[in-house]
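Student: The residues making up each chain are set out below.
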Amino acid sequence: MSHARQVSITSKLTRMNMLVCATALSLACLGFLSYDLATYRQVTLDNLSIQSQVTGSNSVSALVFDDPVSAQRTLSSLEFAPNILSACIYTPDGKPFATYRRSPNISIPAKLAISPGEKERHWYNHENIFLVHAISFQGKPAGFTYVQSNIQPLIDRVENYLAIAGVMLILSLSLALFLSRIARRSIAEPIQRLANVARRVSKDKEYSTRAEPGREEGELAELVGTFNEMLAQIETRDRSLEAAREKLEEHVEQRTAELSAANKELEAFSYSVSHDLRAPLRSIEGFSLALAEDYDDKLDGEAKSHLSRIRAATTRMGVLIDDLLNLARVTRAELHREPINLSSIASSIAEDLRKANPERQIEFCVQERLETVGDGRLLRVVLENLLGNAWKYTSKHAWARIQFAKKRLNDEEAYFVTDDGAGFDPAFAGRLFGAFQRLHGMDEFPGTGVGLATVQRIIHRHGGRVWAEGAVEKGATFYFTL
Amino acid sequence: MEDAVILLVEDNPDDEVLTLRALKKNNIRNDVIVAHDGMEALDYLFGRGKFAERDTRMMPQVILLDLKLPKLDGFDVLRALRSDERTKLLPVVILTSSNEEQDRANGYGLGANSYVRKPVEFGAFIEAVKQLGLYWLILNQIAPVARRK
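Those protein sequences? They're chains A and B, same order as listed. Per the numbering used here: the first sequence = residues 33 to 514. Per the numbering used here: the second sequence = residues 2 to 150.
Since the hints were derived computationally from the structure, they do not count as laboratory data. Note that CB positions come from ideal geometry on N, CA and C, so glycine has one too. Keep in mind that the hints are not guaranteed to be accurate.
In silico DSS-like cross-links for lysine-lysine, where the CA-CA straight-line distance does not exceed 25 Å [unchecked claim]:
1) B:K89 / B:K25
2) A:K506 / A:K439
3) A:K424 / A:K438
4) A:K387 / A:K428
5) A:K143 / A:K172
6) B:K51 / B:K69
7) A:K296 / A:K424
8) A:K336 / B:K25
9) A:K279 / A:K237
10) A:K330 / B:K25
11) B:K26 / A:K296
12) B:K69 / B:K131
13) B:K69 / A:K296
14) B:K72 / B:K51
15) A:K336 / B:K26
16) B:K25 / B:K131
17) A:K330 / B:K69
18) B:K51 / B:K26
Not close to chain B: a few residues of chain A, all C-beta gaps over 10 Å, as computed [as the list claims (entries may be wrong)]:
19) R134
20) I161
21) L209
22) R310
23) A311
24) E317
25) G318
26) T346
27) A388
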């Protein structure tokens, strides 16, 4: 494509030059030729007319005295005029009186066609000019002269003219070609050079390339300059972009390293907590019980109550540690995304809850075929927490309804678990998802305050959001998107 | 089954006392040999060091193995047991505080027969030990090569 454009700009210039030159020259030649031919023809005609007049007046006496020999003599003097091929003198009634032929095979009209009173007339055929002139003597018609002249000189002249015009045309076209080559060097070539550089730049993305400034001046020099300036700007931008990207990559690498170090530390920490933090709790719990059992008779009621408080606290701390470890595990665990059916997970959790508290009157509504893609194990933890909470916070009601379904909110699909239980004060809704944040007293509803923090972490890891709506004694609804 | 010996590998003296108490509470009267680190456990099993005089044809009915141990840890002990003809079929129950996935995977991977987590509540622990005793000391029949008497 660029090649075609390249060709067209040079050939356009050349073609334009040639066309202008040829047109000007042809018009000039045509003008000269027509003028010259017209003039030459008139001169030829005038000469012929004079010759025929002279011959006519020289033959008047011969006609009057009916002396054809003398007329013949007069006519033969025409052999000195090389262009005259034949001539004839006619009597006033149009009969040939005396004839002249340069060569014997030339025919002469046997009768003249001229209207009475006409003084002179001429006509042409393709190589001759014919002229008839009336001869008068003392005001009366005495006869006619007829002359046939060759127009070969005229044809020769035209041919010469055309030859000269042709040569001139060739010469000037060559000159125009030469001149257009100069024009091309000064106009087309710089543009071609620029086009080549632009092509190279766009192909190799090598923005340090520059178009070399040639000898050109004016707009072309400006074009090359501006083009180079543009390349310089692109190069600067490209470099700063590259630098920014490298810096970003460095940052990302650094952050990744930091993150994986932190993750490893967290892992080691969790492992240590899992093993070492629980052992002392076991001792406290175990030996408190041993004390209560072995010294049952020596301890009074208050001492036994203290011991049971110690044991309850230790047990609670054990649960807390497990919850914390689970929270940490949720952060660390790799996501295994797979197609899962949230409806069947929710139903199986509901079944477990029912089995654990068969005495409760709960209506469980799970929307069918809620299918999505996510980590099945982690999303089970989410539903366990949300449905478990709903179960827990409706426990003070004799009859309750818990629903798990999906609905369209604005432009996103949100899953939700809703209950008609104790609800919460919406002023504290923001604190619900913080670890160890609880909106209810331990004696009211037991819990560690880690469940919703775990839920939030899992949902965030799936790229979704989680939020809650509710009011005191009006139930709670927990939404999440995936 | 009174002659069947239990090998308890446990470094924490509190846990040792509590485990023995739990066994007693469940009326499990078998001899309990306590090794306080992995090295001592291997010495006992292969009759080395202070157990050089021991008749190694007598092997424990079950080994209760903690994971976090000084010198050689529980996994090292398990690896050594499973690579020796004399001990490779001995029943090993991992009895530990953690329920870390990696520990469970490693334990079963190295050939543990069971994995039991020590609960914080002593009542639950007594129940667990009861189940263990019932299963490994009474119900379970060990492989013939493991017990050359």
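Student: Hints first: check each against the structure and report whether it holds.
Tutor: Okay, the hints, checked on the actual structure:
1. Of the pairs offered as hints, the one joining K89 (chain B) and K25 (chain B) is violated, with about 29 Å between alpha carbons and a cut-off of 25 Å exceeded.
2. Of the pairs offered as hints, the one joining K506 (chain A) and K439 (chain A) holds, with about 20 Å between alpha carbons and a cut-off of 25 Å not exceeded.
3. For the hint pairing K424 (chain A) with K438 (chain A), the CA-to-CA distance comes to about 22 Å; that is within 25 Å, so the pair holds.
4. For the proposed pair K387 (chain A) and K428 (chain A), the alpha carbon gap of about 18 Å is at most 25 Å, so the pair holds.
5. For the given pair, K143 (chain A) sits about 20 Å from K172 (chain A) by alpha-carbon distance, which is consistent with the 25 Å threshold.
6. Of the pairs offered as hints, the one joining K51 (chain B) and K69 (chain B) holds, with about 23 Å between alpha carbons and a cut-off of 25 Å not exceeded.
7. For a cut-off of 25 Å, the pair hint linking K296 (chain A) to K424 (chain A) is broken: about 35 Å separates their Cα positions.
8. Restraint check for K336 (chain A) and K25 (chain B): satisfied, since their Cα atoms lie roughly 23 Å apart, inside the 25 Å limit.
9. Proximity of K279 (chain A) to K237 (chain A) is assessed by CA-CA distance (about 21 Å); at most 25 Å being required, the pair is judged to hold.
10. Proximity of K330 (chain A) to K25 (chain B) is assessed by CA-CA distance (about 22 Å); at most 25 Å being required, the pair is judged to hold.
11. Taking the CA atoms of K26 (chain B) and K296 (chain A), the gap is near 42 Å; set against the 25 Å cutoff, the hint is violated.
12. In summary, the hint linking K69 (chain B) to K131 (chain B) is supported, as the alpha carbons are separated by about 23 Å, within the 25 Å threshold.
13. The suggested pairing of K69 (chain B) with K296 (chain A) holds, with an alpha-carbon distance near 19 Å, which does not exceed 25 Å.
14. Only pairs whose Cα atoms come within 25 Å are accepted, and K72 (chain B) paired with K51 (chain B) is accepted, the gap being roughly 17 Å.
15. The straight-line distance between the Cα atoms of K336 (chain A) and K26 (chain B) is roughly 21 Å, inside the 25 Å bound, and the hint therefore holds.
16. The straight-line distance between the Cα atoms of K25 (chain B) and K131 (chain B) is roughly 10 Å, inside the 25 Å bound, and the hint therefore holds.
17. For the hint pairing K330 (chain A) with K69 (chain B), the CA-to-CA distance comes to about 37 Å; that exceeds 25 Å, so the pair is violated.
18. Taking the CA atoms of K51 (chain B) and K26 (chain B), the gap is about 30 Å. The hint is violated against a cut of 25 Å.
19. The Cβ of R134 (chain A) sits about 133 Å from the closest Cβ of chain B, beyond the 10 Å cut-off, so the non-interface label holds.
20. Non-interface status of I161 (chain A) relative to chain B is upheld: no Cβ of that chain comes within 10 Å, the nearest being about 125 Å off.
21. Chain B leaves L209 (chain A) outside its interface by the beta-carbon criterion, the shortest separation being 88 Å against a cut-off of 10 Å.
22. Here R310 (chain A) does not stay apart from chain B, with its beta-carbon only about 4 Å from theirs, under the 10 Å limit.
23. With a cut of 10 Å on Cβ distances, A311 (chain A) falls inside the contact zone with chain B, its closest approach being about 5 Å.
24. A cut-off of 10 Å between C-beta atoms contradicts the statement that E317 (chain A) is not in contact with chain B; the least separation is 5 Å.
25. The beta carbon of G318 (chain A) is not kept farther than 10 Å from every beta carbon of chain B, the shortest such distance being approximately 4 Å.
26. For T346 (chain A), the requirement that its beta carbon stay farther than 10 Å from each beta carbon of chain B is not met, with the minimum near 6 Å.
27. With a cut of 10 Å on Cβ distances, A388 (chain A) stays outside the contact zone with chain B, its closest approach being about 17 Å.
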